[in-house]
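Numbering (numbering that gives the first Met the number 0), first residue to last: 0 to 264.
FYI, nobody ran anything at the bench for these hints, they're computed from the structure.
This one's a predicted model, so the numbers in the text were calculated from it and none came from an experiment.
Hints are not guaranteed to be accurate.
Derived lysine to aspartate or glutamate pairs resembling DMTMM-like cross-links, with alpha carbons at most 20 Å apart [as the list claims (entries may be wrong)]: (1) Lys136 - Glu114; (2) Lys49 - Glu92; (3) Lys166 - Asp69; (4) Lys134 - Glu92; (5) Lys136 - Glu154; (6) Lys226 - Asp173; (7) Lys165 - Asp69; (8) Lys241 - Glu212; (9) Lys78 - Glu92; (10) Lys79 - Glu90; (11) Lys210 - Glu76; (12) Lys166 - Glu154; (13) Lys82 - Asp104; (14) Lys136 - Glu90; (15) Lys134 - Glu154; (16) Lys79 - Glu106; (17) Lys78 - Glu106; (18) Lys227 - Asp173; (19) Lys165 - Asp104; (20) Lys227 - Asp250; (21) Lys136 - Asp172; (22) Lys165 - Glu35; (23) Lys237 - Asp250; (24) Lys166 - Asp197; (25) Lys226 - Glu212; (26) Lys165 - Glu76; (27) Lys226 - Asp236; (28) Lys237 - Glu205; (29) Lys57 - Glu106; (30) Lys79 - Asp55; (31) Lys261 - Asp250; (32) Lys49 - Glu114; (33) Lys227 - Glu212; (34) Lys166 - Glu205.
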Amino acid sequence: MNDVYSYAFGPYTILQTPTLWQSHQNYNYILAHQGEAFIFDPGEHAPIQKTLASHDLKLAGIYLTHHHPDHAGATLEFKKHWKCPVFGFEEDEHRLPGVSHTFQDNETLEVAGLEARVLFLPGHTMGLCAFYFPKTKWLFSNDLLFSLGCGRVFEGTYQQMYQSLKKVSSLPDDTLVFASHEYTQANLNFALSIFPQDPPLLAVREEIFKKIEAQMPTVPSTLGFEKKHNPFLRWSDKSIRKTLSLSDAEDWQVFAKIRELKDRA
């Protein structure tokens, strides 16, 4: 995946740049407006800088969701070159490079003239956050929610991860989910190995494989799509519960079982 994909929303553009592709299959997102750029999670300098230059953009701010190097590794290089502010979660500031401004859960930030709400979503890490734009219905979900998948639980508990996913699930169904990795094919293959006759998964299999074969991104998706097809969000689905022999389990236990199976896959 080498192409930068562009999504226009009135006077705003979101540029989706592949980074660290051989090792992590990351997507970096740049919100561009009137010649200024606002980066979410710069993990690799060269391809992002190339995107900025090719679109004649000046970097005006960096927003970090968590401390992992594939999301924050290029922060200091960009900050040094552009002298721009770096925003990060206050309680995780000690692990985030170059933070000059901090935020808290549910705080409202202004990004390119738009309101962005901070969502604290522990589980993958204990300081992970996402950014939700209510007016445009954009969610930069980082390593919480992928298309047909979710992030690993490295620092938190399965219950915390479930609560974080549940929190995001309450957003409008037409929310665009800008996930940070191109893991959709692997997520689909795993899900079909556990739920081989699942109608929602079978319904999207061909479309996803066509995109992968054409080297096109499978994200962004919508939250409605994920709630319908993503097994990590379908903890109330009777067929999934039956397959897992968890018909009477609590919702978080259904999620935890699927996550455990994925971790061992």
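Here is what the structure says about each hint:
no.: 1; hint: Lys136 - Glu114; in the structure: 11 Å, holds
no.: 2; hint: Lys49 - Glu92; in the structure: 28 Å, violated
no.: 3; hint: Lys166 - Asp69; in the structure: 25 Å, violated
no.: 4; hint: Lys134 - Glu92; in the structure: 28 Å, violated
no.: 5; hint: Lys136 - Glu154; in the structure: 29 Å, violated
no.: 6; hint: Lys226 - Asp173; in the structure: 11 Å, holds
no.: 7; hint: Lys165 - Asp69; in the structure: 25 Å, violated
no.: 8; hint: Lys241 - Glu212; in the structure: 33 Å, violated
no.: 9; hint: Lys78 - Glu92; in the structure: 16 Å, holds
no.: 10; hint: Lys79 - Glu90; in the structure: 24 Å, violated
no.: 11; hint: Lys210 - Glu76; in the structure: 33 Å, violated
no.: 12; hint: Lys166 - Glu154; in the structure: 18 Å, holds
no.: 13; hint: Lys82 - Asp104; in the structure: 26 Å, violated
no.: 14; hint: Lys136 - Glu90; in the structure: 26 Å, violated
no.: 15; hint: Lys134 - Glu154; in the structure: 32 Å, violated
no.: 16; hint: Lys79 - Glu106; in the structure: 27 Å, violated
no.: 17; hint: Lys78 - Glu106; in the structure: 23 Å, violated
no.: 18; hint: Lys227 - Asp173; in the structure: 12 Å, holds
no.: 19; hint: Lys165 - Asp104; in the structure: 16 Å, holds
no.: 20; hint: Lys227 - Asp250; in the structure: 16 Å, holds
no.: 21; hint: Lys136 - Asp172; in the structure: 9 Å, holds
no.: 22; hint: Lys165 - Glu35; in the structure: 34 Å, violated
no.: 23; hint: Lys237 - Asp250; in the structure: 11 Å, holds
no.: 24; hint: Lys166 - Asp197; in the structure: 25 Å, violated
no.: 25; hint: Lys226 - Glu212; in the structure: 25 Å, violated
no.: 26; hint: Lys165 - Glu76; in the structure: 35 Å, violated
no.: 27; hint: Lys226 - Asp236; in the structure: 10 Å, holds
no.: 28; hint: Lys237 - Glu205; in the structure: 24 Å, violated
no.: 29; hint: Lys57 - Glu106; in the structure: 26 Å, violated
no.: 30; hint: Lys79 - Asp55; in the structure: 19 Å, holds
no.: 31; hint: Lys261 - Asp250; in the structure: 17 Å, holds
no.: 32; hint: Lys49 - Glu114; in the structure: 27 Å, violated
no.: 33; hint: Lys227 - Glu212; in the structure: 24 Å, violated
no.: 34; hint: Lys166 - Glu205; in the structure: 30 Å, violated
Of the numbered hints stated above, those contradicted by the structure are hints 2, 3, 4, 5, 7, 8, 10, 11, 13, 14, 15, 16, 17, 22, 24, 25, 26, 28, 29, 32, 33, 34, listed in ascending order.
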